[in-house]
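The task is simple: from the sequences and hints, build the whole structure.
Note that the protein sequences, when read in sequence, are chains A and B.
In this text, residue positions in the first sequence follow this note's numbering: the first is 1, and each later residue adds one.
In this text, residue positions in the second sequence follow this note's numbering: the first is 1, and each later residue adds one.
Everything labelled a hint here was simulated from the structure, so no lab data went into it.
Treat the hints with care, since some could be wrong.
To be verified - Footprint (simulated), chain B over chain A, 3 or more residues, beta carbon under 8 Å:
#1 25–38
#2 79–90
#3 93–105
Note that this is a predicted model, so its numbers are computed, not measured.
The beta carbon of each residue, even a glycine, is placed where N, CA and C say it ideally should be.
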Amino acid sequence: MILRVAAALGLIAVLLMPSLARADALDTSVRRIALQLQCPVCEGETVADSPSGLAGDMRSVIRTKLIAGEPDQQILDEFVASYGDGILTEPPKRGISLGVWLGPVIGVALGALLVGVLLSTWRRMPGRPAPATADGTLDPDATEELGRFREEFGR
Amino acid sequence: MATLGQICIVGAFGLALYAIVCSIAGVRVRNRELTLSGQHAAWAVTGLITAASVTLLVALAVHDFSLRYVWEHSSRAMSMDLVLAAFYSGQQGSLLYWAWTLSIFSAIVLWQQRRPGPHRVLMPYVVAVLMVVEAFMTLLLGFIASPFEALPRPPADGVGLNPLLYDPGMRIHPPMLLAGLMSWSVPFAFAIAALATGQLDNLWIAVSRRYAMVAWVILGLGNVLGAWWAYHVLGWGGYWGWDPVENVALMPWLVGTAFIHSIQMQERRGMLKAWNLALIMVAFFLSIFGTFVVRSGILASVHAFALSAIGPYFLTFLALIIGGSLWLFFWRLPHLRSDNQLDSLLSREASFLINNLLFLGIVFAIFWGTIYPLVAEAVANAKVSVGPPYFKQVAGPLLGALILLMGIGPLMPWRRASREHLLNNFLIPVAGAVIGLALLLAEGIRDPFAGIGFGLCLFVLGTILQEFVRGALARHRATGENYLVALGSLIRRNNRRYGGYIVHLAILLIGAGAVGSQIYQQQTQATLAPGESVTLAGYTVTAHGIETTQLPGVKVTEGVLSVNGSEEIRPARQFFDNFPQQPSTRVGLRSTPFEDLYIVLGNWQGDGPTASVSVAIFVNPLVSWIWTGGVLLLFGTVVSLWPATVVSGRRVTAPISRGAVGATS
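So this is what it looks like as structure tokens:
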């Protein structure tokens, strides 16, 4: 408790001295947490980047809690408790938000399956004869490739 | 003015409908006169929409505030270039701009394809499809979102442009992006024409490949310019926020990239015919979806969607074109069989397939993440935010795999690769990447993601340089030209291929820039009294108060800062008279090839040289590589398109590519 009061007093002191240059690890920590929170009153901006007053207030709340020694996760949890999961920029992997994570996994897996099936059907399909025929001439594909190289090397 | 513009739009709508009917009826009853009449109507549509656009531009230029659009988006204090840029800065104007560029592109297509040839059979349907899109846009412009709505009592002055739009980037980014979204209509029209006529071989691709490339580069640059604008104006230290509006413009570009790659399978091997048709359709659908989202902001919430006046119309149109295209597609599907089989998994064909899988995987992930908040709200009434961490985690690995494939794919031979081939082609790039990584490790790069990212980039760089060096050496041996001349003629004679490599280099630059700036960004905030300094990453920034200047219509407050004791840097806030509550940011930027010092002015206390200022300072490594990559992207595409450059009907119809010509020589 005494620690908290001291921290709060320290914070007030800092706020009262805006001319004091400060650039320290605390800034980095505040930003690290603020980047994980969606600004509730803006479109698509994080608390770290939003110029709105509410975001500014939230940044000072984060700062206070950090000075009070709360771990990152606890601070995030407290914001979730008051604003709901929608406050997190990274949707949690639970509940309704789980769907957003599962979608791409299922999509890419189905796509890979499709490509796999396609590849195996194509490989079984009867095709044209093997590259080199009995009389030693090349098949049309190889001739074309050869022509391209000849042209490329200027011959 | 209002009446003139309105008449032009409604006239264009009527003529577009006439062109559709004539083109299709002309083919049905085999009446050449009728299809010709349809084409003439398409020319007239171009003329009328141009007239409407010029009318709006003139109304803006003479400050005719009797038009609501002019009043809402411009003011007398604005400079003339900004007044004209107001043309595409609002919803109605940008839809008119979209319709105008589409009509110009339609005219270009008609002109370039005017000569007789096998492609002529496609043209009536191409005209019909382009005019369907045009008719829809003119319907919106004429009856739902008219830029020519009159105000009963004209005010003395206009509201002016939104402060965010005052940046030079805004004069070029939106027209690029909108034109990029629009231009996918052209290859889509050829695809539909191919389905309608049953000419399902390479013809439609041979004719429309260049149009697809042009669409690709315009949309690509539109996206890069958007990032550049965000970086300079929004002042949050980044350039890409995975915002819905950004995502919807990126998706058609990614699908288009997949298309540009996979059509080579059809050109060279007669494979993936159905797939290419499907891809270009998806690219077009996503472009329409993108135009709609960019112009209505519906993705914020389902409720905003219902309120948007043009929303239901766009959705209906989208449903109709998707339904119609699918019907045509499945009707023709039995005729879309592949000519060839796959010989090996170690082949160019297989790498193109994986390329397409990855591109569509990324697009699906982005699409899903973009619309999921809407889905969650509609289904469970839950508020879900899907922010950058999701997109980075999901798209990141897929993009990395794509970069790897960019090194492997081009070096894979068609049909099948042998072990010697693999050794011969990949030994040097892999060795180069390992040495490069060791050097980076010695330089202190420890982050595993940075290691993977830069390692992949180095590997691909090795494969591309190897191609250039080997080609130039072979040419030098064969012709005796000196190495530089050999390199030049190598590129000139195989421009499609080497232009592609240059584009790949551009993507590498953008990729390396993204990895560097995402992982190694440093940031700090400070409130500085005059004479006080803050240090970040070797830069010492010292404050010297503020300076305020009143310009016509805007008050600019600059923070006066010096960097390392000498160079002056002045981030600013601009307060526009008409929008005092919405100050816009001008970032103080000191750019070097390897990092940007990026300073944003926050608040200040006091005035003049004695004021103390709060600033946010970022050091963003490698960001300028992204912009360089954008320029190189344009250059590579131009090289690739340069060839037998005269894009005349005759030349384009000569099927496929110079590769095939080489085979007969």
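### Message
Between the region 25–38 of chain A and chain B, are there enough contacts, at least three residues with CB-CB distance under 8 Å, for the coverage claim to hold?
### Response
holds (count 5)
Practice item. Mind taking a look at whether chain B covers the region 79–90 of chain A? Criterion is 3 or more residues with CB to CB distance under 8 Å. Key: holds (count 7)
Query raised in the report: Can the region 93–105 of chain A be counted as covered by chain B under the rule of three residues or more with Cβ-Cβ separation shorter than 8 Å?
Result: holds (count 8)
Consistency note: the structure conflicts with none of the earlier hints.
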